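> Sequence:
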Amino acid sequence: MLIITYYWPPAGGPGVQRWLAFVKYFREFGIEPIVYVPENPTYALKDDSFTDKIPEGITVLKQPIFEPYKVAEVFSKKDTRTISKGIIAGKAKQSWIQKLLLYIRGNFFIPDARKYWVKPSVTYLKTYLLQHPVDLVITTGPPHSVHLIGMHLKKELNIKWITDFRDPWTTIGYHNKLKLTKKSAQKHKNLEKQVLYSADHIVVTSYTTKKEFLELTHRPITVVTNGYDEEGVPIKQLDSKFTISHIGSLLSGRDPKNLWKALNELTQENESFANAFTLQLVGAVSDDVISSIKEAGLHSFLDLKGYVSHREALQIQRSSQVLLLIEIDSAATKCIIPGKLFEYMAAKRPILALGPKDADIARLIKETNAGCFFEYQEYTRIKDKILHYFTYFQEERLHTEIQGIEKFSRRALTKHMCEIIRSV
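Following the working numbering, the numbering of the sequence shown begins with 7 at its first residue and continues without gaps.
Some hints could be false.
List of simulated lysine-lysine pairs, DSS-like, C-alpha gap at most 30 Å [as the list claims (entries may be wrong)]:
(1) Lys193 - Lys68
(2) Lys160 - Lys125
(3) Lys217 - Lys160
(4) Lys216 - Lys389
Simulated from the structure, these hints should not be mistaken for lab results.
Predicted model, so just to flag it, every value in this text is computed and none were measured.
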């Protein structure tokens, strides 16, 4: 079986973790994976600790890739790297360089900036697969250019092909910020439809994405969520402070002003809360979100950690008093189930989640009793719940009675993926 992915160690962030974990466990279920990745990628985040998780003896094929982001850095290194991470400022705060880069990214690089890896990869892999036949090809995106490699290989070699969508394509939150012309928007939709019609089986990470794709294709679609690994992480003592921690990127749209307002009011009204509270943000945070937090009067309570290794992130999750999960308040993000949700569950700390109405994350949090979910406008309920958590913190009995999360372990999910592979 050949897996084609852009993200692979030493890439950091959630994009690499899903298939690195599948590769880690495939052999337990009788499947030998071969992995194809770029030789010289430009990763926005790097985490060398992931390299140690690659199973010994796995064949990893590599071919060069042309990365337009390297060229774009001539105009603005900071803006280019920010956009490549998916952090896009609001319209009013976009510089002319940012607007230009977004226009170029959306209209000249379809489906994405890795489009120039498609043709050379197809040429290389056709030769390789004729000499080393495999039963199946799997592509995982974004970047969705990777799916075009799979589509061409299926067409030219008549090989079985599974496409894995870690995120949706044309309905993902940032897609409408790319300043697309009508022609470009239609080209994205056409390519998306071709992929969905060509694949033998489609795997998605959320229930809403499955529902959306069922309107575009009659191909079989299965939900295989992200998950958590059962790796041993040293248990740290809980923080002595009332830490509310968010781990992962906070994009411009993830800015729940009612949450910041509620936290500020609690610091004003409750001296004990003010003395104990820390808002800890781990990972890339947009300037818009930082400004919003400071404007809410929370500057002195803010602890910006920046990017840390995955191992350290897991330790922070286990030591925090409350884990914060924020999704953009938009119908387009109902489908997003961040990989960190499952790691949060495994940490067994109360989750405070905010997002759009009918979000998939709300369903999972309720099913597992992992915490509470709120819509952005639910100010009073948000404030009451934080105060409730704080009271339990003071009484040293803040914990969760989580249930049924075993099915989200990486090993269990790999078993499910193997069942799909054998059914194709």
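> Confirm or reject each hint.
Evaluation of the provided hints:
| no. | hint | verdict |
| --- | --- | --- |
| 1 | Lys193 - Lys68 | holds, 29 Å |
| 2 | Lys160 - Lys125 | holds, 14 Å |
| 3 | Lys217 - Lys160 | holds, 25 Å |
| 4 | Lys216 - Lys389 | violated, 34 Å |
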